[in-house]
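Kindly produce the complete structure, drawing on both the sequences and the hints.
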Amino acid sequence: MEGRRKKEEGRRKKQEGRRKKSKKEEGRRKKEEGRREITTVNCQLSTVNSQLSTTY
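Counting from 1, position 50 in the sequence shown corresponds to residue 1239 in the numbering used here; the numbering is continuous, with no gaps.
Since no wrong hints were added, every one of them can be taken at face value.
Distance condition first, Cα-Cα at most 20 Å in a straight line; then the derived PhoX-like pairs of lysine-lysine:
{"no.": "1", "residue 1": "LYS1220", "residue 2": "LYS1210"}
{"no.": "2", "residue 1": "LYS1203", "residue 2": "LYS1213"}
{"no.": "3", "residue 1": "LYS1220", "residue 2": "LYS1209"}
{"no.": "4", "residue 1": "LYS1219", "residue 2": "LYS1209"}
{"no.": "5", "residue 1": "LYS1213", "residue 2": "LYS1202"}
{"no.": "6", "residue 1": "LYS1202", "residue 2": "LYS1212"}
Distance ranges between label pairs, derived from CB positions:
{"no.": "7", "residue 1": "ARG1208", "residue 2": "THR1244", "range": "51 to 57 Å"}
{"no.": "8", "residue 1": "THR1244", "residue 2": "LYS1213", "range": "42 to 48 Å"}
{"no.": "9", "residue 1": "ARG1208", "residue 2": "GLN1240", "range": "45 to 51 Å"}
{"no.": "10", "residue 1": "GLY1206", "residue 2": "THR1243", "range": "52 to 58 Å"}
{"no.": "11", "residue 1": "GLY1216", "residue 2": "SER1239", "range": "33 to 39 Å"}
Since the hints were made in silico from the structure, they are not lab data.
Just so you know, these numbers come straight off a predicted model, no measurement behind them.
Beta carbons are placed, not taken as given, at the ideal position from N, Cα and C, and that holds for glycine.
Written as structure tokens, this is what we have:
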């Protein structure tokens, strides 16, 4: 019985570790997407600014 309990505990810990890992990855991915969006918007802003400065 003792061995079985230890096995189950190990399995549970492994699953929890995987869950934490996937959550971390998800957070990292969201951060990266946010950075990409910011970069895109900044690029668009600089384009508009340069167009304005040449127009006026």
